[in-house]
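Asker: Residue numbers (the working numbering), protein chains in the order written: chain A, 1 to 392; chain B, 1 to 311.
Derived by calculation from the structure, the hints in this document are not laboratory data. Owing to the predicted nature of the structure, the values given are computational and were not obtained by experimental measurement. Do not take every clue at face value.
List of simulated lysine to aspartate or glutamate pairs, EDC-like, C-alpha gap at most 20 Å [claimed, not checked]:
1. A:K3 with A:E177
2. B:K40 with A:D205
3. B:K90 with B:E208
4. B:K6 with B:D39
5. B:K282 with B:E269
6. B:K90 with A:D205
7. B:K90 with A:D202
8. B:K260 with B:E302
9. B:K205 with B:D100
10. B:K273 with B:D241
11. B:K40 with A:D202
12. A:K277 with A:E263
Some chain B residues flagged as far from chain A (calculated, every beta-carbon gap over 10 Å) [unchecked claim]:
13. R32
14. Y153
15. T158
16. D241
17. W255
18. L265
19. E269
20. K272
21. K273
22. A284
23. C308
24. G309
Partial list, derived from the structure: chain A residues whose beta carbon lies under 10 Å from chain B [what the hints assert, rightly or not]:
25. P22
26. V24
27. A65
28. A68
29. A72
30. V76
31. I91
32. Y207
33. P211
34. L212
35. H221
Ideal Cβ placement from N, Cα and C applies to all residues, glycine included.
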Amino acid sequence: MGKVMPLEGNMAVAEAMRQINPDVVAAYPITPSTEVVQTFARFVADGQVKTNFVAVESEHSAMTACVAAAAAGGRVMNATSANGLALMWEILYIASSLRQPVILTLVNRALSGNINIHCDHSDGMGARDAGWVQIYGENCQEAYDNLIQCTAIGERLDVRLPVMNCLDGFLVSHSYELVEVEDDEAVQAFVGPYKPVKPLLDINDPYTIGPLDLQDFYMEHKRSQWEAYPAAKQAVIEEGKRFGEMFGREYGLMELVDMDDAEIAIVALGSAAGTCKDVVANLRAQGVKAGLLKLRCFRPFPIEEIAEALKGCKAVAVMDRAASYGGGTGPLFPEVAAALMAGGYAVPMLDYIYGLGGRELPPEQIGIVYDDLGKLVGGQKIPTVQWLGVRE
Amino acid sequence: MPKNLKQYAQVPTRLTGGHRLCPGCGEPTAARQVLMATDKPVVVANATGCFEVSTTIMPYTAWAVPWMHIAFENAAATVSGIEAMYVSQKAQGNIPADADYRFVAFAGDGGTYDIGLQALSGAAERGHQFLYVCLNNEAYMNTGVQRSSASPYGAHTTTSPSGSHSPGKKAFQKDLTAIMAAHDIPYVAQSISGRWRDLTAKAEKAFECGGPAFINVLTPCPLGWIADASESVNLAQLAADCCVWPLYEVENGVWKLTYKPKEKLPIDEYLKKQGRFKHLFKGAEGEAVRAKMQEYVDTKWELLKQKCGEA
Numbered sequence: 001m002g003k004v005m006p007l008e009g010n011m012a013v014a015e016a017m018r019q020i021n022p023d024v025v026a027a028y029p030i031t032p033s034t035e036v037v038q039t040f041a042r043f044v045a046d047g048q049v050k051t052n053f054v055a056v057e058s059e060h061s062a063m064t065a066c067v068a069a070a071a072a073g074g075r076v077m078n079a080t081s082a083n084g085l086a087l088m089w090e091i092l093y094i095a096s097s098l099r100q101p102v103i104l105t106l107v108n109r110a111l112s113g114n115i116n117i118h119c120d121h122s123d124g125m126g127a128r129d130a131g132w133v134q135i136y137g138e139n140c141q142e143a144y145d146n147l148i149q150c151t152a153i154g155e156r157l158d159v160r161l162p163v164m165n166c167l168d169g170f171l172v173s174h175s176y177e178l179v180e181v182e183d184d185e186a187v188q189a190f191v192g193p194y195k196p197v198k199p200l201l202d203i204n205d206p207y208t209i210g211p212l213d214l215q216d217f218y219m220e221h222k223r224s225q226w227e228a229y230p231a232a233k234q235a236v237i238e239e240g241k242r243f244g245e246m247f248g249r250e251y252g253l254m255e256l257v258d259m260d261d262a263e264i265a266i267v268a269l270g271s272a273a274g275t276c277k278d279v280v281a282n283l284r285a286q287g288v289k290a291g292l293l294k295l296r297c298f299r300p301f302p303i304e305e306i307a308e309a310l311k312g313c314k315a316v317a318v319m320d321r322a323a324s325y326g327g328g329t330g331p332l333f334p335e336v337a338a339a340l341m342a343g344g345y346a347v348p349m350l351d352y353i354y355g356l357g358g359r360e361l362p363p364e365q366i367g368i369v370y371d372d373l374g375k376l377v378g379g380q381k382i383p384t385v386q387w388l389g390v391r392e
Numbered sequence: 001m002p003k004n005l006k007q008y009a010q011v012p013t014r015l016t017g018g019h020r021l022c023p024g025c026g027e028p029t030a031a032r033q034v035l036m037a038t039d040k041p042v043v044v045a046n047a048t049g050c051f052e053v054s055t056t057i058m059p060y061t062a063w064a065v066p067w068m069h070i071a072f073e074n075a076a077a078t079v080s081g082i083e084a085m086y087v088s089q090k091a092q093g094n095i096p097a098d099a100d101y102r103f104v105a106f107a108g109d110g111g112t113y114d115i116g117l118q119a120l121s122g123a124a125e126r127g128h129q130f131l132y133v134c135l136n137n138e139a140y141m142n143t144g145v146q147r148s149s150a151s152p153y154g155a156h157t158t159t160s161p162s163g164s165h166s167p168g169k170k171a172f173q174k175d176l177t178a179i180m181a182a183h184d185i186p187y188v189a190q191s192i193s194g195r196w197r198d199l200t201a202k203a204e205k206a207f208e209c210g211g212p213a214f215i216n217v218l219t220p221c222p223l224g225w226i227a228d229a230s231e232s233v234n235l236a237q238l239a240a241d242c243c244v245w246p247l248y249e250v251e252n253g254v255w256k257l258t259y260k261p262k263e264k265l266p267i268d269e270y271l272k273k274q275g276r277f278k279h280l281f282k283g284a285e286g287e288a289v290r291a292k293m294q295e296y297v298d299t300k301w302e303l304l305k306q307k308c309g310e311a
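Please put together the full structure from these sequences, using the hints given.
Answerer: In structure tokens form, the structure reads like this:
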């Protein structure tokens, strides 16, 4: 049996890392993810893990060393935020192209400029096309549970992709909550031993990784990479189910709250979903048919499942904790709209850009969103895109 | 103990023939000389550049040893990650205790002097056991001969072209070998691809020094230097004879000349064989640039001799 511990989100991640016991961690500290690697560095210093911890000189080298170490033939992990992820950007694409299951905890933070260390999703959204699996957690428990699942998902032989364990900066990373921490042996049993695929260090089977790939082969390689994502989606479902069977907390591509008969619904990622749950409960008590789709698996984007969950709604609002400058909306909105459109469903939609740079999202503002949805259903005109809680 | 040429020839080929580097390129020669300097298993990391794109055109590879390329600026971080996993796996017993691998990073001067300097400095400071070899042809040859911070003063490149208002490159080259020596790593050296004994002896020391090692090898580029492909070995030798590129090593902080030309030649002997300096042989302005280059080389040579206790 595990135990319940008061942990910050970052510590919960570090605790999961200690239990998983990766072979190499290469990292460069950045707020608000710093505590992940500094807590883990203490585990290394105290001999609690077998990990070779490499304190590199930049996030670019951190991701490089992780990709190289993974190719060399072992389990690797890392953590970063915001500009750190931006500095890794080039190597993010290479990690997924080389099919190296690097596990990165992304503590979501606003991407400069101006400089701001607080939460939004501009970092994760910026990396959305880099070929990584991205799982968003709502609270400290999920930060812990998700890292364990991310490891199992990325390393499956039918997947072999890098995975981001995303959690909201400060809101989750620096908040203490009671976290159910499972036994070390149980976590080890869940993730299993690392199975290297053609390790570079196998001197008897030398191979060339990362060659020049020209017009005659590049597109076929990209296509074979593309084909890994349906398997990744299936892995998220299966590993979430297996996690539930083993530890009693089941996960899926998304979490549906009161969606069966919902007429108005919000789609949200991360900690905002927690606040939404309270608002939905209050609205339901008042007889309002409100629902919530908490999206957990952002990449691969579960197009069919999202359409299926939202098709019965009379109106849907998307909560975007990032803006797509020049795109006219946040980044999540068009993806949800496209999912509905591809399914053949026409549902009126609104987009709310909120919480940039750590701006609070009180329940009253979520109430405004559901209010707007009600008005839209009632035939009133509501602007498609609004900035929530901004001083005009 | 250094081997003789026949013994070296017995070392299995690690970089095979059939790669697509240009005729006269100094890089494969230098790489082979480095790689034959150890009998131990070798894992190679490579920065983006001529050497990478010419030896690994999918679906072919010229590499008979494990080889990895990630990007341009991170050969040192790549080799750090590979070595870190080796150390981890060996400590866990997943790689036999008696295994004794060597790790080499190859990168051009662009990937070393410029964009890759941070990763190299970081890896050296952390003390990974690896040999970093800079294949220095003094410009970004892979992208079409643009200046790098290793390009000599006065050199014509496509981003430092000679013209009516410009003598070519306006800054002297960075002294990267000295910068690496300042990291206080166990072994640092300069060599050329034209003297196999010098380079293999240095590579042997570098492989066995027990920590980070750096060798800066001048590798002539017929395309960028605008020189005859058959002249490459001679040009490298001339660079050493003119003391434009002195051969020395810094072993545990001790500086030592490894080649003293019998007669130090004027740099014109070296410059006049290369089209990249052709503009310096026209008019008084060119002469003034050459005089400044000679003065720079002389000053650096005297300072180097002092460091090596030869003054």
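Asker: Determine for every hint whether it applies to the structure shown.
Answerer: Hint check results:
1. Annotation: proposed proximity of K3 (chain A) to E177 (chain A) holds, straight-line Cα distance about 13 Å (limit 20 Å).
2. A threshold of 20 Å between alpha carbons decides the hint, and for K40 (chain B) with D205 (chain A) the separation of about 15 Å falls inside it, so the pair holds.
3. Of the pairs offered as hints, the one joining K90 (chain B) and E208 (chain B) holds, with about 18 Å between alpha carbons and a cut-off of 20 Å not exceeded.
4. Under the criterion of a C-alpha separation no larger than 20 Å, the hint pairing K6 (chain B) with D39 (chain B) is consistent with the structure, at around 14 Å.
5. At roughly 16 Å between alpha-carbon atoms, K282 (chain B) and E269 (chain B) fall within 20 Å of each other, so this suggested pair holds.
6. For the hint linking K90 (chain B) to D205 (chain A), the alpha-carbon distance of about 18 Å falls within 20 Å, and the restraint holds.
7. A distance of roughly 13 Å separates the Cα atoms of K90 (chain B) and D202 (chain A); the hinted pair therefore holds under the 20 Å criterion.
8. About 12 Å separates the Cα atoms of K260 (chain B) and E302 (chain B), which keeps this hinted pair within 20 Å; it holds.
9. Between K205 (chain B) and D100 (chain B), the direct Cα distance comes to roughly 15 Å. Compliance with the 20 Å bound is thereby established for this hinted pair.
10. Distance restraint check for K273 (chain B) and D241 (chain B): the Cα-Cα separation of roughly 14 Å lies within the 20 Å cut-off, and the hinted pair is therefore satisfied.
11. Pair hint K40 (chain B) plus D202 (chain A) holds up; C-alpha atoms about 14 Å apart against a cutoff of 20 Å.
12. This hinted pair checks out: K277 (chain A) and E263 (chain A) have alpha carbons roughly 16 Å apart, not beyond 20 Å.
13. The beta carbon of R32 (chain B) is kept farther than 10 Å from every beta carbon of chain A, the shortest such distance being approximately 16 Å.
14. With 10 Å as the threshold on Cβ separation, the claim that Y153 (chain B) sits away from chain A holds: the shortest Cβ distance comes to roughly 30 Å.
15. Against chain A, the non-interface label of T158 (chain B) holds: every CB pair exceeds 10 Å, the least being about 22 Å.
16. Its beta-carbon lying about 36 Å from the closest one in chain A, D241 (chain B) satisfies the requirement of being farther than 10 Å from that chain.
17. Every CB of chain A lies more than 10 Å from the CB of W255 (chain B), the least distance being 26 Å, so the non-interface label holds.
18. Residue placement check: L265 (chain B) keeps its beta carbon more than 10 Å from all beta carbons of chain A (closest about 39 Å).
19. The non-interface label for E269 (chain B) is consistent with chain A: the shortest C-beta to C-beta separation is roughly 37 Å, beyond 10 Å.
20. Here K272 (chain B) stays apart from chain A, with its beta-carbon at least about 36 Å from theirs, past the 10 Å limit.
21. With a closest Cβ-Cβ approach of about 32 Å to chain A, K273 (chain B) is found to remain outside the 10 Å limit, as its non-interface label requires.
22. With a least beta-carbon separation of about 46 Å from chain A, A284 (chain B) lies farther than 10 Å from that chain, consistent with its non-interface assignment.
23. Interface exclusion of C308 (chain B) from chain A stands, the closest Cβ pair being 31 Å apart, more than 10 Å.
24. Non-interface status of G309 (chain B) relative to chain A is upheld: no Cβ of that chain comes within 10 Å, the nearest being about 34 Å off.
25. At a threshold of 10 Å, the smallest CB-CB gap from P22 (chain A) to chain B is about 9 Å, leaving the interface hint in force.
26. Taking 10 Å as the C-beta cut-off, the interface hint given for V24 (chain A) holds, the closest approach to chain B being about 5 Å.
27. The closest approach between the C-beta of A65 (chain A) and any C-beta of chain B is roughly 3 Å, which is under the 10 Å cut-off, so the hint is satisfied.
28. Checking A68 (chain A) against chain B: minimum C-beta separation of about 3 Å stays under 10 Å; hint holds.
29. Below 10 Å, beta-carbon pairs count as interface contacts, and A72 (chain A) has one with chain B at about 4 Å; its hint therefore holds.
30. The restraint placing V76 (chain A) at the interface with chain B holds, with a minimum CB-CB distance near 8 Å, inside the 10 Å limit.
31. Among the interface hints, the one on I91 (chain A) holds; its C-beta lies about 7 Å from the nearest C-beta in chain B, closer than the 10 Å criterion.
32. Using the Cβ-Cβ criterion of 10 Å, the hint placing Y207 (chain A) at the interface with chain B is satisfied: the shortest such distance is roughly 7 Å.
33. The restraint placing P211 (chain A) at the interface with chain B holds, with a minimum CB-CB distance near 4 Å, inside the 10 Å limit.
34. Of the supplied interface hints, the one on L212 (chain A) holds, with its beta-carbon coming within about 5 Å of a beta-carbon of chain B, less than 10 Å.
35. Interface restraint check: H221 (chain A) against chain B, minimum CB-CB distance 8 Å, threshold 10 Å, status holds.
Every hint, counting from the list given before, is met by this structure.
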